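Novice: Each chain, letter by letter, is given below.
2 protein chains.
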Amino acid sequence: MTDKSEGVRLSDEQRLDWLRLIRSDNVGPRTFRALNNHYGGARAALSAVPDLARRGGATGPARPSREDAAREFKAAKTLGVSFVALGEPDYPRRLQMIDDAPPLLAVRGNAAALNLPAVAVVGARNASAAGVRFAERLARDLGEAGFAVVSGLARGIDAAAHRASLASGTIAVLAGGHDRLYPPEHAELAGAILAQGALVSEMPFGREPRARDFPRRNRLISGICAGVVVVEAARRSGSLITARFALEQGREVFAVPGSPLDPRAEGSNDLIKQGATLVTEAADVLAVLRPIIGTPIELRAEEPEAPPPPAELGAAERARIVELLGPTPVPIDDLMRLSGSSPAAVRVVLLELELAGRLERHGGALVSLL
Amino acid sequence: MTDKSEGVRLSDEQRLDWLRLIRSDNVGPRTFRALNNHYGGARAALSAVPDLARRGGATGPARPSREDAAREFKAAKTLGVSFVALGEPDYPRRLQMIDDAPPLLAVRGNAAALNLPAVAVVGARNASAAGVRFAERLARDLGEAGFAVVSGLARGIDAAAHRASLASGTIAVLAGGHDRLYPPEHAELAGAILAQGALVSEMPFGREPRARDFPRRNRLISGICAGVVVVEAARRSGSLITARFALEQGREVFAVPGSPLDPRAEGSNDLIKQGATLVTEAADVLAVLRPIIGTPIELRAEEPEAPPPPAELGAAERARIVELLGPTPVPIDDLMRLSGSSPAAVRVVLLELELAGRLERHGGALVSLL
Numbered sequence: 001m002t003d004k005s006e007g008v009r010l011s012d013e014q015r016l017d018w019l020r021l022i023r024s025d026n027v028g029p030r031t032f033r034a035l036n037n038h039y040g041g042a043r044a045a046l047s048a049v050p051d052l053a054r055r056g057g058a059t060g061p062a063r064p065s066r067e068d069a070a071r072e073f074k075a076a077k078t079l080g081v082s083f084v085a086l087g088e089p090d091y092p093r094r095l096q097m098i099d100d101a102p103p104l105l106a107v108r109g110n111a112a113a114l115n116l117p118a119v120a121v122v123g124a125r126n127a128s129a130a131g132v133r134f135a136e137r138l139a140r141d142l143g144e145a146g147f148a149v150v151s152g153l154a155r156g157i158d159a160a161a162h163r164a165s166l167a168s169g170t171i172a173v174l175a176g177g178h179d180r181l182y183p184p185e186h187a188e189l190a191g192a193i194l195a196q197g198a199l200v201s202e203m204p205f206g207r208e209p210r211a212r213d214f215p216r217r218n219r220l221i222s223g224i225c226a227g228v229v230v231v232e233a234a235r236r237s238g239s240l241i242t243a244r245f246a247l248e249q250g251r252e253v254f255a256v257p258g259s260p261l262d263p264r265a266e267g268s269n270d271l272i273k274q275g276a277t278l279v280t281e282a283a284d285v286l287a288v289l290r291p292i293i294g295t296p297i298e299l300r301a302e303e304p305e306a307p308p309p310p311a312e313l314g315a316a317e318r319a320r321i322v323e324l325l326g327p328t329p330v331p332i333d334d335l336m337r338l339s340g341s342s343p344a345a346v347r348v349v350l351l352e353l354e355l356a357g358r359l360e361r362h363g364g365a366l367v368s369l370l
Numbered sequence: 001m002t003d004k005s006e007g008v009r010l011s012d013e014q015r016l017d018w019l020r021l022i023r024s025d026n027v028g029p030r031t032f033r034a035l036n037n038h039y040g041g042a043r044a045a046l047s048a049v050p051d052l053a054r055r056g057g058a059t060g061p062a063r064p065s066r067e068d069a070a071r072e073f074k075a076a077k078t079l080g081v082s083f084v085a086l087g088e089p090d091y092p093r094r095l096q097m098i099d100d101a102p103p104l105l106a107v108r109g110n111a112a113a114l115n116l117p118a119v120a121v122v123g124a125r126n127a128s129a130a131g132v133r134f135a136e137r138l139a140r141d142l143g144e145a146g147f148a149v150v151s152g153l154a155r156g157i158d159a160a161a162h163r164a165s166l167a168s169g170t171i172a173v174l175a176g177g178h179d180r181l182y183p184p185e186h187a188e189l190a191g192a193i194l195a196q197g198a199l200v201s202e203m204p205f206g207r208e209p210r211a212r213d214f215p216r217r218n219r220l221i222s223g224i225c226a227g228v229v230v231v232e233a234a235r236r237s238g239s240l241i242t243a244r245f246a247l248e249q250g251r252e253v254f255a256v257p258g259s260p261l262d263p264r265a266e267g268s269n270d271l272i273k274q275g276a277t278l279v280t281e282a283a284d285v286l287a288v289l290r291p292i293i294g295t296p297i298e299l300r301a302e303e304p305e306a307p308p309p310p311a312e313l314g315a316a317e318r319a320r321i322v323e324l325l326g327p328t329p330v331p332i333d334d335l336m337r338l339s340g341s342s343p344a345a346v347r348v349v350l351l352e353l354e355l356a357g358r359l360e361r362h363g364g365a366l367v368s369l370l
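From first to last, the protein sequence lines are chains A and B. First residue of the first sequence: 1, per the working numbering; consecutive thereafter. First residue of the second sequence: 1, per the working numbering; consecutive thereafter.
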């Protein structure tokens with residue numbers, strides 16, 4: 001990955017390779033990165049995937065064909081969606097910083113909106129009339145101040161935030177594929193967003209969003225933004241998940257207060273107790289974010305690329321590494337130290353397990369068995 | 001002034017002297033303290049007052065007679081009110097710490113309530129139903145946790161806080177004399193408070209509370225307490241004055257959040273922005289105050305008593321000191337240094353001006369001409 005000013009564009013063939021790799025079974029953004037780094041490119045990684053998966057214990061094939069990927073590209077083109085790759089100039093700059101940034105982002109609408117400084121406005125689906133009114137006022141003022149307002153296209157606060165910032169450019173991050181908008185009744189709103197703003201998704205075409213896709217999507221909402229404003233949120237609500245991602249990603253967290261007797265304010269009041277900035281007007285957000293958006297973004301350091309794995313990795317060595325793993329996340333460094341194996345050997349075994357769906361990667365270079 | 005454990009009681013005659021001195025024209029708590037310290041007691045100070053006032057430029061007499069004071073004592077006794085002097089065991093411990101603690105506090109009801117750890121619950125007179133409900137819940141829970149709930153007997157939040165903590169002991173600080181309850185319709189509430197709690201006032205019997213008496217009273221509400229909770233407060237409201245006093249006095253400030261669209265939450269939301277602790281339940285208050293009430297209270301250092309003033313203080317020296325004063329508050333130390341006069345001489349001139357109503361004392365040993 002390179003600084004935006006030096007961003008390079010993938011060739012069409014490279015983009016197809018990237019799409020095939022990220023759409024392979026058990027390949028998420030972190031595995032994509034590990035494979036890409038280990039094999040020095042998506043093409044080489046794709047060739048290695050079947051063997052790796054088999055050695056990790058997987059049975060069936062796990063890799064879309066070149067034709068499958070081409071078909072998704074074609075479907076995307078029909079809907080006016082383009083795939084922006086991590087490191088390309090149009091890729092949202094801040095999103096590059098997060099650990100599990102999608103290698104490819106499917107973008108529909110005005111891609112220039114992704115280059116605006118961005119702030120998320122999220123909240124309850126069952127919002128109160130006051131909450132909706134406040135979200136509208138806030139989103140309008142943040143838009144007029146030059147920010148792209150980012151949200152999740154949900155009912156309630158999300159929709160209010162998008163609607164009030166249509167003119168200045170608003171970004172909706174989808175939990176499913178571009179051809180599976182959720183909720184369906186927001187199709188018209190989604191259409192209105194396209195003029196100045198954009199819809200983005202990391203999910204394949206045809207993917208109906210499932211419950212677990214929403215929290216996963218929320219990391220992109222916070223990841224694109226310099227800060228997240230939670231307008232109304234009950235305890236244990238999706239908006240709080242977005243706020244937690246924001247904290248993990250080093251983003252600013254803002255919350256709008258409410259009466260302690262209103263359950264829809266419990267989550268946002270809790271956030272303020274925990275240190276979130278209290279917001280009663282856009283100026284409260286701008287005072288914190290304006291100094292931040294002026295400063296250069298520090299991109300995450302990359303692991304150095306490793307040489308190809310030693311061919312002689314034997315069954316005993318593999319078993320020793322697997323034995324060190326369990327359901328409790330452990331640092332990869334510990335595996336290297338305790339197994340006595342080379343870093344390259346450990347990485348290969350982890351990739352094998354991962355592609356077989358037996359390994360989970362956590363933040364901070366921790367891994368656990370599933 | 002001594003530590004509570006060593007508190008001594010005034011004799012009846014001393015208490016009369018204290019009452020006469022604090023009821024003299026232009027003698028507030030700070031002047032009382034200066035006179036008492038300078039002359040080594042209220043009796044000697046009382047003898048000096050007429051001459052001092054005359055030299056300061058005052059015309060009329062300014063000192064109630066012994067009979068006047070005895071009459072107030074009698075009126076107080078009839079209503080079951082007793083005068084507790086600064087330094088006596090029943091005087092609220094924390095109140096002793098403030099710069100302008102009243103030398104005598106007129107107490108009606110259960111004086112033992114003044115020895116409980118105390119927390120103020122204050123807010124809007126035109127409170128919302130939700131605000132009243134929350135104030136009741138909070139005051140009840142704080143009372144059950146062993147705190148005396150202190151407030152101002154006003155309509156709205158104050159009355160709700162008192163009502164909900166009648167059983168555990170609640171303290172109402174009056175802005176006027178004990179025989180001039182305000183608002184009059186809270187006479188029954190005031191009566192109910194007396195069983196477990198107390199009404200307190202620094203004001204003379206017969207004093208109808210005027211507008212300027214309320215902010216002055218508010219410093220006692222915060223002064224008695226370890227912390228102040230503001231439940232609903234518009235901008236520029238009396239509750240914010242109490243919060244400001246609390247900050248000046250080093251008390252904890254708490255505020256209950258509300259919707260940014262509710263004008264009654266503007267003041268409390270502002271307080272949270274400025275660093276007040278957000279409160280949604282009594283536990284938020286207790287978590288901060290419990291560690292504080294366990295720690296010993298550090299009493300303010302006293303100025304050492306000065307010798308009697310030099311008799312030979314001449315007109316030229318007096319004029320030189322007065323000339324250094326103006327409407328801008330200046331440190332008393334500067335007056336001593338710039339005038340070349342002795343500290344005792346400067347103090348006497350200041351007392352003269354003060355008793356003539358021409359001097360204002362501010363916090364931090366600053367003074368200005370009126």
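Just so you know, these hints were derived from the structure itself, not from any lab. Treat the numbers as computed from the prediction; the structure is a model and nothing was measured. One or more of the hints may lead you astray.
Stretch-level coverage of chain A by chain B, calculated; a stretch enters the list once three of its residues show a Cβ under 8 Å from a Cβ in chain B [unchecked claim]:
no., segment
1, 251–259
2, 263–269
3, 279–292
Think of the CB as a built atom: it goes at the ideal place given N, C-alpha and C, for glycine as much as any other residue.
Novice: With reference to the structure, classify each hint as holding or not holding.
Specialist: Evaluation of the provided hints:
Coverage of a stretch by a chain is defined here by at least three residues with a beta carbon nearer than 8 Å to that chain's beta carbons; for the segment 251–259 of chain A and chain B the count is 4, and the condition holds. Judged by the Cβ-Cβ criterion of 8 Å, the segment 263–269 of chain A is covered by chain B as claimed, because 3 of its residues qualify and three suffice. A stretch counts as covered by a chain when three or more of its residues have a beta carbon under 8 Å from one of that chain; for the segment 279–292 of chain A and chain B the count is 4, and the coverage holds.
Against the hints set out earlier in the document, no violation occurs for any number.
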